[in-house]
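Asks: Here are the chains, one letter per residue:
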Amino acid sequence: MTILSHQTLAALVLFAGIAHANDKVTFATNWKAQAAHGGFYQAIADGTYQRHQLDVKLVPGGPQVNNRPLLPAGRIDFLMTGNLLHSFDNVKNGVPTVVVAAMFQKDPQALLAHPGQGYNTFDSLKNAPVALIAKDGQFTWWQWLKAVHGFRDEALKPYSYNLGPFLANPKAIQQGYSVAEPIYVQNQGKFKPVVHLLADHGFSTYSTVIEARTDTVRDKPDVVRRFVDASAIGWVNYLYGDRRAANALMLKDNPEMTLEELESSVALMKEQGIVDSGEALYNGIGAMNLSRISDFHAQMVKAGLYKAGEVDLAKVATLQFVNRKVGLDLKAALGKH
Amino acid sequence: MSCRAFDRMLPGAALIGFMIGWEVLVRLAQIPHYTLPAPSLIAQTLWTHAGSLAGSWWFTLKVTFSALILAMAGGVLLASVFALWRPLERAFFPLAVMLQVTPVVAVAPLILIYVDSTTVALLLCTWVAAFFPILSNTLIGLRATDAGHRDLFHLYRATPWQRLRLLLVPTALPYFVAGLKISGGLSLIGAVTAEMVAGAAGRETGLASRILEASFRTETPKMFAALALLAFTGVAIFWLFDRLSRALLHHWH
Amino acid sequence: MPDALISLTAIDKIFASGIRALQSVSMSIAPGEFVSLLGPSGCGKSTVLRLVAGLDAPTAGRIEAPAWRDPAHALTAFVFQDATLLPWADVFDNVWLPLRLAGVSRQQAASRVEALLAQMGLTEFAHARPAALSGGMRMRVAIARARVADPEVLLMDEPFAALDEITRQRLNADLLAGWQAAPMAVMFVTHSVFEAAFLSQRVIVMGARPGRVVDTVTIDEPYPRSSAFRTSPKYADICRHLSSALEAAMAGSAA
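Chains as they are written, first to last, in my numbering: chain A, 1 to 337; chain B, 1001 to 1253; chain C, 2001 to 2255.
In short, the hints are calculated from the structure, not lab data. Keep in mind that the hints are not guaranteed to be accurate.
Taking beta-carbon pairs under 8 Å as the criterion, some of the chain A residues facing chain B (in silico) [said to hold, decoys possible]:
no.: 1; residue: L70
no.: 2; residue: R75
no.: 3; residue: N90
no.: 4; residue: P158
no.: 5; residue: E271
no.: 6; residue: G304
None of the values given here were measured: they were computed from a predicted structure. Glycine residues also receive a C-beta, built at the ideal position from the N, C-alpha and C atoms.
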């Protein structure tokens, strides 16, 4: 066996590096690190992005942070958004972005209420005297709640991401992610809140979708494909594999989070079928179909959020990167636990 | 062209020049409308959405001026009380200072917990932002009486009411007006900031909600249109108080 | 002095800072008498005026004056070195002020105010604001204001010190004319030997540190005193006498 000299070894490594230079991409999320971002952190922590020749920089969002304008401005390459309404708005306003994958098959957007206050049915929620909804929701899905489910503006109060007002008022309801806020309410308020998923009552949007600029999709489809694939694999590993490194990374990015909250959230995601359900089960995580998008859009038109014809549905999403069964074999190998 | 006419035209000319430069920049650099809309597009948007923007504008104006009037009343009252009783001033002035430096964005959610009506909450937040310059300046003004004038009024056995009417008020007036000019702008900022944090979309909403809504719905030209209205309002308020100041004080100040 | 209008007996005045402004000062002024207080700076002449006006109280000693006798009515007028006009009011309103504070309406006061404006040559400036007037004009307004309520006592604290010589002499003449027309006791503070000599019936010379009366000089020149008086040998004599008294006062204080 030839012993390679140090110089030759170094030269080989350098050559290898140059020959397989990773693509640098920036990905912005819509909140501080939480379990709902787990798959992406997993793909960073266990090297999945690296193996797909991607150097991914993750930029977290937060209560006062708005990452959205960064995508059309070219400052980031991929953006996570919570529902399709944002994508409809972009297309309507001529902003050149497109949805390339939908990591959540179910939107975890929910309304929480105190137990024992008569809010056991979704219908009863509209009678709440106080509904704490954040600015983002106020201008989007709250309008749908008003038009389709009879909620009234009189109850509306701004939610500033502080549980205080909700905990203090037993008759109040507030927004939250079904896989996150109930855990915090349990920890701080010492009670288990009643949770009503909007998705169970007609809010059929995909969630945690990945958006990219149309010119990225046109000019660098290979990069997009690798990012979507690696992210899907990251989600499989996060849900069913060893997620310790991903959790550690998220705790570093968001020191206020705890390991216990992360794990509880993962359990809820699996229990409620947020990520891996429906089409994802046989088409892979990230799966989308156009008829579901079109159906959701029709509902939003009916709710008065859009006028018919304002949104060119052909431009909302592209299916070229999904529905390729990516990650299914990995999931089977992990024994699906 | 005479010197004075030229002077008067300067601000208008500068503004027009700025607008033209902006329009040219956007067109030449082909900046997309969702990043930086051109003035022509903003004007068009203003026209298209005139109805809803006008309603919101009116609401913001109402909150701004109502809070300003309350700030005037509160500021002058507190200043008079402090001027009369120094111990009260020593006790409570630091509280007033604390109120002034507390950011509205922090205070607004707290106020909302205790106050049911959104409009009252907005008025309160705006009042907090605007009252201090009036209090501080009026207090200084009430204390700024000339020693010779004080002696004069003492010599002629003036009653406290005469002192207030004929000496204290005229002396304090320039200071009060200076405070008013500052508070005018702060009222507008306070009203907008308070609404951004404490306002609830749907019901009575002002320009701040329009700005946020446009921002969340990626309607950038509309956002700029609302911002343009705000900027115009700020300038108008400043001009209004400048004229007021001159009318009240020109003959001797 | 029998029937003195104003009398100070062994007045001491020590300020809170510890400065002894007056030490055992005694003087008396008869009704209608024109008296000057002459002395270097720091001799307490302004303090004496403020005591007479009731704007300050003595630390020790007795003081009798209209301002102290009658708390309800303002019988004492004061002209400060600075005209102390209200800048936001016009000349008419400034002169009207003493009457206004006594409850006299503008209409009722109009004839009196206008008469005084006429006497002081201010009629055409009735609606001007103080900022538009020269120093001399402003002083005229201050004097008009001082005289409008017919005071028993007129106190003047170096009123013409900031004015040029010509204006000063004109105002001196106007002051004497006004005093002759409506006699009132005048206490006139000045550090000018020439002014004291021209205006007064009596000059009280004061020394400084501590403030005390050093000398009293009587001037028996009859009124009206014209500008011819300024060039007479008698005037020169009086001025020489006053100057040496003043020097002695200042030498005394240097000790």
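Asks: Going through the earlier hints one by one, which of them does the structure break, listed in rising order?
Replies: Violated: hints 1, 2, 5 and 6.
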